[in-house]
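**Student:** Spelled out, the chains give:
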Amino acid sequence: DIQMTQSPSTLSASVGDRVTITCRASRSVNTWLAWYQQKPGKAPKLLIYKASYLESGVPSRFSGSGSGTEFTLTISSLQPDDFATYYCQQYNSYAKMYTFGQGTKLEIK
Amino acid sequence: QVTLKESGPALVKPTQTLTLTCTFSGLSLTTTSMRVSWIRQPPGKALEWLARFDWDDDKFYSTSLKTRLTISRGASKNQVVLTMTNMDPVDTATYYCVRDTRGFAFDIWGQGTMVTVSA
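Quick note, the sequences are listed as chains Y and P, same order.
Residue numbering for the first sequence follows the working numbering, starting at 1 and increasing by one per position.
Residue numbering for the second sequence follows the working numbering, starting at 1 and increasing by one per position.
These are calculated hints, taken from the structure and not from any lab test.
Keep in mind the model is a prediction, meaning the values are calculated, not measured.
Hints should not be assumed to be uniformly reliable.
[As the list claims (entries may be wrong)] Reference listing, derived: stretches of chain P covered by chain Y, where coverage requires no fewer than 3 residues with Cβ under 8 Å from a Cβ of chain Y:
#	stretch
1	6-12
2	48-54
3	92-103
Glycine included, each C-beta is placed from N, C-alpha and C at the ideal position.
Whenever a hint applies, use it, and build me the whole structure from the sequences.
**Tutor:** See below:
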């Protein structure tokens, strides 16, 4: 199985900061990589799919990049609503299986 | 508007079989490239993909759980059912039904159903 490693596990930042979260795959997933935001007690929300495609309705301050084994989620200017936990997720097109990262909790500094 | 809703028991005993039903509206499993998956999340932990059912009746399972899982169409054409055998307290989690149409990303999620495994 492909393993996904997110870093950092916890990130403290302030409103207006630019933040980056990294996700590394144990082997190439091409661009089958998605990012989600989850708030306590809620289902995750899709932000980015195919590594860099912004889901409809998601603010443009969110962006994704990368391919192969290294990916990043960037929030250009943190807003109060952005403090949440973020997950990456890969799709292994050969094995037809999905794996999530362990999550990054974005906290207010 | 696409919606998915999970239903099933809130409490199961160890060794029992869990059956969860996903009832959806606004989508059809006969549409080419339509896929519905089950994902779970233990309290305070990360998400874990479990199984997927495709429009052409193809089925795929998590390697670590495949011997315990079965995914199938439900009695109604707008349902997908997941069964998990031999439940254990470590299977305590919120179970989500999700749609996968965005390049193998999950764009629509059900509200989730919490399942506790306890004697």
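**Student:** State for each hint whether it applies.
**Tutor:** Structure-based check of each hint:
With 0 residues having a beta carbon nearer than 8 Å to a beta carbon of chain Y, the stretch 6-12 of chain P misses the requirement of three or more and the stated coverage is violated. Coverage of the stretch 48-54 of chain P by chain Y holds in this model, with 3 residues showing a Cβ closer than 8 Å to a Cβ of that chain against a need of three. For the stretch 92-103 of chain P, the stated coverage by chain Y is satisfied: 3 residues place a CB nearer than 8 Å to a CB of that chain, which reaches the threshold of 3.
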